[in-house]
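Peer 1: Sequence:
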Amino acid sequence: CSDLVMTPVGEIDGAAGGLFLEALIAVISTGESRLIVDLGQVPFMDSTGLTIFLSADRALRSIEGQLRLVAAPEIVEVFELAWMDKMFPVHPDIADAVAHFSHD
1 CSDLVMTPVG EIDGAAGGLF LEALIAVIST GESRLIVDLG QVPFMDSTGL
51 TIFLSADRAL RSIEGQLRLV AAPEIVEVFE LAWMDKMFPV HPDIADAVAH
101 FSHD
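If you use our numbering, the sequence shown corresponds to residues 1 to 104, in order.
No lab work stands behind these hints: they were computed from the structure.
As the structure is a computational prediction, the values presented were derived from the model and not from experiment.
Careful: at least some of the hints might be erroneous.
What the hints assert, rightly or not - Label pairs and their in silico Cβ distance ranges:
1) 2 - 40: 33 to 41 Å
2) 82 - 43: 16 to 24 Å
3) 102 - 31: 14 to 22 Å
4) 3 - 25: 24 to 32 Å
5) 13 - 102: 16 to 24 Å
6) 94 - 30: 30 to 38 Å
7) 5 - 61: 29 to 37 Å
8) 102 - 18: 15 to 23 Å
9) 13 - 58: 18 to 26 Å
10) 14 - 102: 29 to 37 Å
Glycine included, every Cβ here is placed at the ideal spot set by N, Cα and C.
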């Protein structure tokens, strides 16, 4: 079982969110079950991003997959403000994200 890392570049907001969600769902539909999204190149994310990750998480759970996020503190804050940081633990780097996949 391999880990796929996606690295979006640019803001995740209402303008770009639809394309990002389409890309995530396309990857999940290929059967990728362990997905890491590295948000290191995302300078700004609004609540659109939270909705996208909820949708992606739901799609992954339907195939017993897992989602891990890597992000800088300013992006982590978006999750904390929405009380979603427990649902989506954000890791400091890819190696840490990989280490936290459960191996059932």
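Peer 1: Each hint needs a verdict: does it hold in this structure or not?
Peer 2: Tested hints:
1. 2 - 40: 33 to 41 Å: Once the Cβ atoms are compared, 20 Å apart, the range 33 to 41 Å for residue 40 and residue 2 is violated.
2. 82 - 43: 16 to 24 Å: 18 Å, holds
3. 102 - 31: 14 to 22 Å: Distance hint for residue 102, residue 31 holds at roughly 18 Å.
4. 3 - 25: 24 to 32 Å: Between residue 3 and residue 25, where Cβ atoms are some 18 Å apart, the hint is violated.
5. 13 - 102: 16 to 24 Å: At roughly 31 Å between Cβ atoms, residue 102 and residue 13 fall outside 16 to 24 Å, so the hint is violated.
6. 94 - 30: 30 to 38 Å: 20 Å, violated
7. 5 - 61: 29 to 37 Å: 19 Å, violated
8. 102 - 18: 15 to 23 Å: 30 Å, violated
9. 13 - 58: 18 to 26 Å: 21 Å, holds
10. 14 - 102: 29 to 37 Å: 33 Å, holds
In this structure, the hints that do not hold are numbers 1, 4, 5, 6, 7, 8, in rising order.
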